[in-house]
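Number of protein chains: 2
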Amino acid sequence: MNVPHLTTATTGPLLALERQFLQQQVKIETWLREKWQNLAAPFYCSVDLRNAGFKVAPVDTNLFPAGFNNLNSDFMPLCIQAVQATMAELYPGIKQILLVPENHTRNQFYLENLAALQEILVKAGFATRVGSLLPDLTAPSELALPSGRQLLLEPLVREGDRVSVADFSPCLLLLNNDLSGGIPEILTNLQQAIVPAPHLGWFKRLKSEHFSHYQTVSTEFAEALGLDPWLINPIFRNCGEMDFLKQHGLEGLQDKVTDLLASIRGKYREYKIEQKPFVMVKADAGTYGMAVMMVQDAKELAELNRKQRTHMAASKNSQSVNKVIIQEGVYTFETWGEAEAAAEPVVYMLGKHVVGGFYRVHSRRGINENLNAPGMQFEPLAFAESCNNPDYGKCDCCANRFYIYGVVARLALLAAAYEFKTLGESNP
Amino acid sequence: MNVPHLTTATTGPLLALERQFLQQQVKIETWLREKWQNLAAPFYCSVDLRNAGFKVAPVDTNLFPAGFNNLNSDFMPLCIQAVQATMAELYPGIKQILLVPENHTRNQFYLENLAALQEILVKAGFATRVGSLLPDLTAPSELALPSGRQLLLEPLVREGDRVSVADFSPCLLLLNNDLSGGIPEILTNLQQAIVPAPHLGWFKRLKSEHFSHYQTVSTEFAEALGLDPWLINPIFRNCGEMDFLKQHGLEGLQDKVTDLLASIRGKYREYKIEQKPFVMVKADAGTYGMAVMMVQDAKELAELNRKQRTHMAASKNSQSVNKVIIQEGVYTFETWGEAEAAAEPVVYMLGKHVVGGFYRVHSRRGINENLNAPGMQFEPLAFAESCNNPDYGKCDCCANRFYIYGVVARLALLAAAYEFKTLGESNP
Chain A
368 MNVPHLTTAT TGPLLALERQ FLQQQVKIET WLREKWQNLA APFYCSVDLR NAGFKVAPVD
428 TNLFPAGFNN LNSDFMPLCI QAVQATMAEL YPGIKQILLV PENHTRNQFY LENLAALQEI
488 LVKAGFATRV GSLLPDLTAP SELALPSGRQ LLLEPLVREG DRVSVADFSP CLLLLNNDLS
548 GGIPEILTNL QQAIVPAPHL GWFKRLKSEH FSHYQTVSTE FAEALGLDPW LINPIFRNCG
608 EMDFLKQHGL EGLQDKVTDL LASIRGKYRE YKIEQKPFVM VKADAGTYGM AVMMVQDAKE
668 LAELNRKQRT HMAASKNSQS VNKVIIQEGV YTFETWGEAE AAAEPVVYML GKHVVGGFYR
728 VHSRRGINEN LNAPGMQFEP LAFAESCNNP DYGKCDCCAN RFYIYGVVAR LALLAAAYEF
788 KTLGESNP
Chain B
368 MNVPHLTTAT TGPLLALERQ FLQQQVKIET WLREKWQNLA APFYCSVDLR NAGFKVAPVD
428 TNLFPAGFNN LNSDFMPLCI QAVQATMAEL YPGIKQILLV PENHTRNQFY LENLAALQEI
488 LVKAGFATRV GSLLPDLTAP SELALPSGRQ LLLEPLVREG DRVSVADFSP CLLLLNNDLS
548 GGIPEILTNL QQAIVPAPHL GWFKRLKSEH FSHYQTVSTE FAEALGLDPW LINPIFRNCG
608 EMDFLKQHGL EGLQDKVTDL LASIRGKYRE YKIEQKPFVM VKADAGTYGM AVMMVQDAKE
668 LAELNRKQRT HMAASKNSQS VNKVIIQEGV YTFETWGEAE AAAEPVVYML GKHVVGGFYR
728 VHSRRGINEN LNAPGMQFEP LAFAESCNNP DYGKCDCCAN RFYIYGVVAR LALLAAAYEF
788 KTLGESNP
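Residue numbers (this note's numbering), protein chains in the order written: chain A, 368 to 795; chain B, 368 to 795.
For the record, the hints were derived by calculation from the structure and aren't laboratory data.
Yeah, the Cβ is synthetic: ideal placement off N, Cα and C, and Gly gets one too.
Some clues are possibly wrong.
[To be verified] Taking lysine to aspartate or glutamate and the EDC-like style, the derived pairs with C-alpha atoms no more than 20 angstroms apart in a straight line are: (1) A:K394 / B:E608; (2) A:K613 / A:D626; (3) B:K643 / B:D610; (4) A:K462 / B:E667; (5) A:K394 / A:E587; (6) A:K571 / A:D610; (7) B:K394 / A:E486; (8) B:K394 / A:E576; (9) A:K643 / A:E667; (10) B:K402 / B:E486; (11) B:K571 / B:D534; (12) B:K788 / B:E608; (13) B:K394 / B:E590; (14) B:K402 / A:E456; (15) A:K402 / A:E587; (16) A:K788 / A:E486; (17) B:K462 / A:D626; (18) B:K690 / B:E590; (19) A:K394 / A:E590; (20) B:K788 / B:D622; (21) B:K402 / B:E608; (22) A:K402 / B:E576; (23) A:K666 / A:D626; (24) A:K394 / B:E401.
[Unchecked claim] Example chain B residues on the side facing chain A (calculated, C-beta under 10 angstroms, incomplete): (25) E396; (26) T397; (27) G515.
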């Protein structure tokens with residue numbers, strides 16, 4: 368079976384969760400459908416999950432997802448259909464799309480992602496080209512990728528309030544660039560639609576904002592289903608501003624870590640879980656798993672050496688003062704192969720449809736470590752089955768596990784949609 | 368390769384057609400998308416096609432499709448997603464669906480179809496039960512099917528202007544019954560929505576109406592693409608009323624057959640096709656391939672014996688007077704296996720999405736015979752790949768052939784949507 372093994376003695380609660388999800392599938396889908404009736408889904412989204420056996424929770428929601436090349440090619444038809452349905456619903460009348468990527472020209476994995484995304488959009492029936500923000504790209508550049516795909520990067524040109532590449536004037540710009548550095552001048556005040564809206568870029572977005580929406584959504588969902596919300600929700604605390612280098616705000620952080628660890632310990636006791644609770648300390652703004660630290664005891668924060676403090680202070684734009692959140696750490700108890708490498712699922716959505724996912728398999732990381740860190744090496748393992756076709760007859764089969772992942776990921780998607788709405792209201 | 372072999376010397380035009388479809392894929396999808404912008408698709412539909420190597424054309428469009436059990440189970444996720452997208456678009460707010468089937472209680476294939484359809488609807492998140500019109504069904508009847516599926520048939524009960532089964536009061540009735548015998552009393556003047564609208568039943572629908580819309584749609588499409596419309600359109604003539612038993616109207620029919628054969632001969636000459644042209648004589652109203660006859664020469668119609676005339680006169684409700692249409696016969700040049708059995712593709716759609724298809728493989732029928740006749744035995748051969756994911760790099764591969772089938776089937780779907788609209792305007 369092309370699916371990681373769940374190595375845990377505490378699968379009892381998860382199997383109970385699986386059973387409840389399957390028994391209430393119609394209710395779950397109805398609940399989600401009703402939420403989407405008056406709410407626009409993001410065009411695309413990927414959600415990093417952790418499966419601890421006793422709980423399944425999202426740990427990161429990416430509104431500018433890369434990694435489409437890691438999906439199972441058997442589900443290409445599902446991606447094509449999802450784009451067609453989503454475009455008809457959200458952006459009728461659109462014909463030409465310009466994909467605006469990150470400036471990673473040497474990252475072959477990222478370029479394969481772009482080529483895969485372009486293939487999906489073209490097969491869905493949209494003329495799609497790639498307009499690069501690279502300052503030194505002055506002519507079109509054709510890249511041959513390891514998969515055999517071709518990718519044409521073209522320089523983005525602005526004329527008046529429109530951007531274009533060569534003879535191609537798009538109706539819609541699709542950002543695959545998380546705008547960590549802010550909105551580039553060339554993309555401001557455009558007549559063309561930009562998706563997702565640039566003010567959702569990481570230069571502005573806060574993790575605490577997202578997880579506070581997720582907490583509301585997952586609690587409401589759990590209540591509707593008669594579940595303990597904790598089984599799908601990582602508890603978190605907002606810690607305000609910190610300066611790790613100057614050690615400002617450390618005491619307040621320690622207090623909150625102690626408090627959060629106590630809450631987790633309470634839940635562990637309730638479910639008879641013997642593992643040691645831990646929390647993740649993260650920069651509230653920022654991506655790429657930068658400035659993330661695992662803590663099992665608040666004392667560790669007082670004992671950081673200079674190197675560790677510099678690491679925590681450095682986020683993508685080298686700001687030393689950061690807003691910080693602390694989030695319940697969720698063990699990953701899925702392992703792959705004889706080496707028992709830790710595996711973390713990532714679920715992909717196009718519009719409100721789950722179109723697949725893959726595991727990040729990492730042999731050199733522990734089960735309580737962040738698997739999405741800078742420079743991290745992982746092996747992608749595509750989901751063997753889709754996330755929308757559970758098998759009622761079986762228990763603990765991969766189709767059912769993927770169904771749960773798809774549901775939890777859609778709750779994070781819903782939280783992102785509320786986040787969009789709130790941010791949209793403050794950035795009309 | 369799990370796909371029939373195309374046994375014909377005249378694949379030249381088809382490969383040219385395939386190339387044109389692939390090269391213009393974005394244009395094709397854009398054209399279709401624009402058509403659907405102001406037009407509601409039928410909830411579901413299946414289209415029988417014939418592939419003659421030199422042309423691909425629809426020969427029957429079924430608005431109450433059975434056969435969902437014959438689709439490739441790998442594409443179940445595509446069906447589920449298509450139902451979700453279609454319901455959100457056409458029938459938001461619906462929670463409970465009652466499937467109203469044909470009264471075929473001994474046809475295991477049909478019952479498997481119902482169970483497959485119910486599974487798709489339930490997995491898409493709709494509570495779905497089956498309400499039977501069988502007059503002698505007074506209590507719920509649980510059937511165990513050969514596939515291992517269970518099917519519960521429940522008697523339909525009417526109270527005031529609503530129908531229900533037991534404790535289940537549906538918001539929507541989904542007809543899987545073609546209403547050849549007219550609209551049953553129990554389904555008239557209901558408060559609940561009925562899909563497809565009952566006035567689209569075969570008691571009222573005319574093939575000539577559908578194919579005249581198809582002619583308009585396919586001609587417009589072909590012009591947009593720079594194709595000869597004949598390559599995707601079977602020519603037909605409307606022949607008015609006939610009485611085969613009394614031999615009324617036979618002469619007029621012969622004239623029209625001679626005229627239609629001459630038109631086909633002209634096209635065969637143009638494309639250097641050496642086969643003998645033929646036409647199909649069909650009842651304009653009616654389903655199940657009843658009263659269908661293959662004719663290569665108008666004289667054959669004057670020489671019918673009593674048995675043949677009785678056959679032509681008998682349609683589902685034993686009406687002896689029929690409106691008749693004659694349609695260009697399209698050879699099927701796809702054959703399967705060493706026995707070279709004739710194979711005819713059937714394409715399935717949910718909303719405007721093509722979700723798969725299968726071949727009817729029939730070893731005892733000729734390449735110019737109707738493969739969908741009463742009592743007919745066929746082996747279903749599920750399409751090995753989806754119809755929306757062509758392979759640009761190859762020519763004459765099954766993914767590309769299925770893409771063409773999906774496009775032609777969607778043109779027939781579009782014709783059906785116009786037919787709905789026209790009938791809806793006359794039955795508000």
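Hints, one by one, checked against the model:
A distance of roughly 53 angstroms separates the Cα atoms of K394 of chain A and E608 of chain B; the hinted pair therefore is violated under the 20 angstroms criterion. Between the alpha carbons of K613 of chain A and D626 of chain A the distance comes to roughly 24 angstroms, so the proposed pair goes past 20 angstroms and is violated. Proposed proximity of K643 of chain B and D610 of chain B is contradicted: the alpha carbons are some 28 angstroms apart, above 20 angstroms. Proposed proximity of K462 of chain A and E667 of chain B is contradicted: the alpha carbons are some 53 angstroms apart, above 20 angstroms.
Taking the CA atoms of K394 of chain A and E587 of chain A, the gap is about 13 angstroms. The hint holds against a cut of 20 angstroms. The hinted pair formed by K571 of chain A and D610 of chain A meets the criterion: a straight-line CA distance of about 19 angstroms does not exceed 20 angstroms. Note on K394 of chain B and E486 of chain A: the hinted pairing holds, with a Cα-Cα distance of about 15 angstroms set against a maximum of 20 angstroms. Taking the CA atoms of K394 of chain B and E576 of chain A, the gap is about 42 angstroms. The hint is violated against a cut of 20 angstroms.
With a C-alpha separation of about 15 angstroms, the suggested pair K643 of chain A and E667 of chain A falls inside the 20 angstroms cut-off, and the hint holds. Simply put, K402 of chain B and E486 of chain B have alpha-carbon atoms about 30 angstroms apart, too far for the 20 angstroms limit, and the pair is violated. With a CA separation close to 33 angstroms, the supplied pair K571 of chain B and D534 of chain B exceeds the 20 angstroms bound. Taking the CA atoms of K788 of chain B and E608 of chain B, the gap is about 25 angstroms. The hint is violated against a cut of 20 angstroms.
Proposed proximity of K394 of chain B and E590 of chain B is supported: the alpha carbons are some 12 angstroms apart, at most 20 angstroms. Pair hint K402 of chain B plus E456 of chain A holds up; C-alpha atoms about 15 angstroms apart against a cutoff of 20 angstroms. Distance restraint check for K402 of chain A and E587 of chain A: the Cα-Cα separation of roughly 11 angstroms lies within the 20 angstroms cut-off, and the hinted pair is therefore satisfied. Proposed proximity of K788 of chain A and E486 of chain A is contradicted: the alpha carbons are some 30 angstroms apart, above 20 angstroms.
Restraint check for K462 of chain B and D626 of chain A: the C-alpha separation of about 43 angstroms exceeds 20 angstroms, so the hint is violated. For the hint pairing K690 of chain B with E590 of chain B, the CA-to-CA distance comes to about 31 angstroms; that exceeds 20 angstroms, so the pair is violated. For the given pair, K394 of chain A sits about 12 angstroms from E590 of chain A by alpha-carbon distance, which is consistent with the 20 angstroms threshold. Distance restraint check for K788 of chain B and D622 of chain B: the Cα-Cα separation of roughly 33 angstroms exceeds the 20 angstroms cut-off, and the hinted pair is therefore not satisfied.
Using a Cα cut-off of 20 angstroms, the hinted pair K402 of chain B and E608 of chain B is violated, with the two alpha carbons roughly 34 angstroms apart. Our distance criterion of 20 angstroms between C-alpha atoms is broken by K402 of chain A and E576 of chain B, whose separation comes to about 41 angstroms. For the suggested pair K666 of chain A and D626 of chain A, the alpha carbons sit about 13 angstroms apart, so the restraint of at most 20 angstroms is met. Between K394 of chain A and E401 of chain B the CA atoms are separated by roughly 34 angstroms; this puts the pair beyond 20 angstroms, and the hint is violated.
The criterion of a C-beta within 10 angstroms of any C-beta in chain A is met by E396 of chain B, whose closest approach is roughly 2 angstroms, and the hint holds. Annotation: T397 of chain B was flagged as interfacial toward chain A, and the flag holds, the nearest CB pair being 6 angstroms apart, inside 10 angstroms. Here the hint on G515 of chain B is kept, as its CB sits about 9 angstroms from the closest CB of chain A, short of 10 angstroms.
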